[in-house]
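A.B. asks: Single-letter residue listing:
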Amino acid sequence: MIEERFDAIVIGAGMAGNAAAHTMASRGLKVLQLERGEYPGSKNVQGAILYADMVEKIIPNFREEAPLERHLVEQRFWMMGDRSHTGLQYRNDDFNEDKPNRYTIIRSQFDRWFSKEVQSQGALVICETTVMELVSDAYGKVIGVRTDRKGGTLFADVVVLCEGVNGLLGARAGLRATPKPEHVALAVKEMHFLPRETIEARFNLHGDEGVVIEAAGVISKGMTGMGFVYTNKESVSVGMGCLVSDFATNNDTPYGLLEMFKNHPSIKPLLEGSEVKEYAAHLIPEGGYKTIPELFGDGWVVCGDAAQLNNAIHREGSNLALTSGRLAGEAIFQIKSRKDAMSKQNLALYKKLLDDSFVMKDLKKYKDMPALLHANSQNYFLAYPQLVSKAMENFLRVDGTPKIDKEKATIASFVKERKWTGLFGDAWKLARAWR
Amino acid sequence: MSLAARVEEKLYQNRYIVDAGKPHIAIRPHDKPSENLLAMTRICPAGCYSETSSGQVEITPDGCLECGTCRVLCEASGDITWNYPRGGFGVLFKFG
Ligand SMILES: Cc1cc2nc3c(=O)[nH]c(=O)nc-3n(C[C@H](O)[C@H](O)[C@H](O)COP(=O)(O)OP(=O)(O)OC[C@H]3O[C@@H](n4cnc5c(N)ncnc54)[C@H](O)[C@@H]3O)c2cc1C
Ligand code: SF4
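So the protein sequences, as listed, match chains A and B.
The opening residue of the first sequence carries number 1 in our numbering; numbering runs sequentially from there.
The opening residue of the second sequence carries number 1 in our numbering; numbering runs sequentially from there.
The hints are simulated quantities; they were obtained by calculation from the structure and are not laboratory data.
For each residue, glycine too, the CB sits at the ideal point set by N, CA and C.
Any given hint could turn out to be false.
Stretches of chain A that chain B covers, calculated by requiring three or more beta carbons in the stretch to come under 8 Å of a beta carbon on chain B [stated by the list, open to error]: (1) 17-28; (2) 106-115; (3) 188-202; (4) 211-224.
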């Protein structure tokens with residue numbers, strides 16, 4: 001295929017891979033990037049909220065060029081009852097700023113654009129090529145990759161693994177384990193197309209303003225999981241995700257759950273009359289800090305979802321992928337500039353840069369959350385939402401019952417369901433994990 | 001089953017280039033499926049896994065969304081082998 005030797009080979013043209021390849025190529029390194037899809041983004045699925053700051057650090061003027069959908073002015077959190085929702089809504093006109101902080105995007109379009117930027121920096125990007133395994137020397141140092149193309153073994157000083165949550169290469173080479181069912185969520189997603197005026201009227205938006213809804217509660221049937229509705233220019237992304245381990249023991253199908261979510265009386269009117277043009281599924285790493293594998297070794301580093309760098313509590317992943325890819329690129333550039341070897345010892349610089357960034361600090365902060373939510377999923381995702389819904393109904397329905405009696409009934413239902421000790425225990429555990 | 005019918009309708013909206021005759025996922029021959037393998041007949045978001053009349057689990061990965069759920073659940077036990085399709089083949093998301 002290609003005879004030359006590269007400074008770095010990047011596996012994958014998702015968020016992490018593009019960030020790493022751009023960072024290295026723009027600093028003059030000789031970069032080869034390999035992607036198995038027909039085009040960058042053809043295998044990738046996201047909600048998708050894009051965080052501007054992390055892109056800006058790589059491509060400062062991206063807002064002028066990148067395919068962006070809507071900038072977010074409003075966020076809704078909905079706790080779903082069977083036929084109700086209790087919502088928290090935050091809207092701020094200050095988010096209509098010159099340089100908005102968050103946007104919705106369509107991944108396959110964004111990734112394609114990002115990859116063109118990478119190529120314009122001089123990186124060689126080859127698609128439709130699946131990397132089959134890492135190639136190591138007699139001392140175990142990674143020195144290249146073998147692809148599914150004829151004669152497709154390629155060599156470089158360092159391999160940057162940005163292969164996503166379902167990365168086979170790192171696992172096959174024994175650099176990390178395959179994620180466990182309790183550490184990954186399976187998300188299914190549909191793209192619903194509607195005229196832009198309809199979206200703007202239904203969601204109370206003007207121009208390119210956008211709103212996102214995150215929904216939890218009875219919709220996941222007691223499993224650790226959430227639903228979402230994100231507005232794009234002419235489409236609405238709707239999805240649902242739950243832990244794979246929960247799916248394995250529950251009786252529902254992922255698409256059945258998505259259908260139920262779409263048919264919930266609070267969601268249905270938002271989608272009425274839409275044309276569905278795609279159905280996708282993807283895993284999300286949700287194990288957090290405690291499941292992060294070894295991040296570097298002789299001749300290799302790993303970034304993004306492949307390294308479980310994903311903040312499930314805040315539904316952030318792309319920004320951690322972008323940042324880890326960028327920092328890996330910067331570390332490699334520094335080592336290269338000093339003419340040092342891509343040894344494990346030297347590549348520890350990547351981990352140091354990551355430790356100093358928000359990526360590791362945020363993941364560390366929430367290190368106990370994933371296990372807690374999982375262990376108590378019946379309470380957090382089923383019992384409490386039903387109780388809240390009942391409490392709201394008691395509060396709002398005017399039917400001649402004295403308020404004092406209603407309050408007593410509400411409190412009694414909370415206590416009956418969980419006992420005081422259980423309620424305090426759950427609240428205490430949640431607060432501790434959150435700190 | 002109505003929900004199974006519906007997942008097929010969903011898959012029709014997607015674009016695929018199927019690598020004919022080269023399935024990327026294979027099930028180890030078995031008399032009685034493991035619990036996780038049986039669960040895949042329900043969990044696979046593309047409905048690729050099904051139960052035969054004699055109680056084994058079989059796979060038709062043409063509509064596979066390459067999510068990796070079956071890999072996470074069934075690879076470690078040796079119930080299945082899992083690979084990516086050859087470069088360029090498989091599902092091609094227009095939006096993602
Ligand atoms: C439903 C859903 C909603 C989400 N919503 C959000 C959100 O709103 N905001 C947010 O920030 N994050 C969100 N995320 C998370 C986010 O999508 C990921 O964190 C992010 O895409 C990770 O980037 P990555 O580069 O590590 O991996 P990916 O983007 O998955 O890229 C991996 C790439 O590697 C390629 N590849 C893999 N193996 C090989 C191989 N052997 N050879 C060649 N190429 C290979 C793949 O084809 C792919 O292009 C969401 C995820 C899902 C599934
Ligand atoms: S990878 Fe996902 S879609 Fe494909 S067969 Fe396995 S579970 Fe089904």
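A.B. asks: Hint by hint, note whether the structure agrees.
C.D. replies: Hints versus structure:
For the segment 17-28 of chain A, the proposed coverage by chain B is not satisfied: 0 residues have a C-beta within less than 8 Å of a C-beta in that chain, short of the threshold of three. Three residues within the 8 Å Cβ limit are the bar, and the segment 106-115 of chain A against chain B gives 5, so the coverage statement holds. Here's how the segment 188-202 of chain A fares: 3 of its residues keep a CB closer than 8 Å to some CB of chain B, so the rule of at least three is met and the hint holds. Figure legend: the segment 211-224 of chain A, annotated as covered by chain B; annotation inconsistent (0 residues with Cβ-Cβ distances under 8 Å, at least 3 required).
Checked against the numbered hints above, the structure violates hints 1, 4; every other hint is satisfied.
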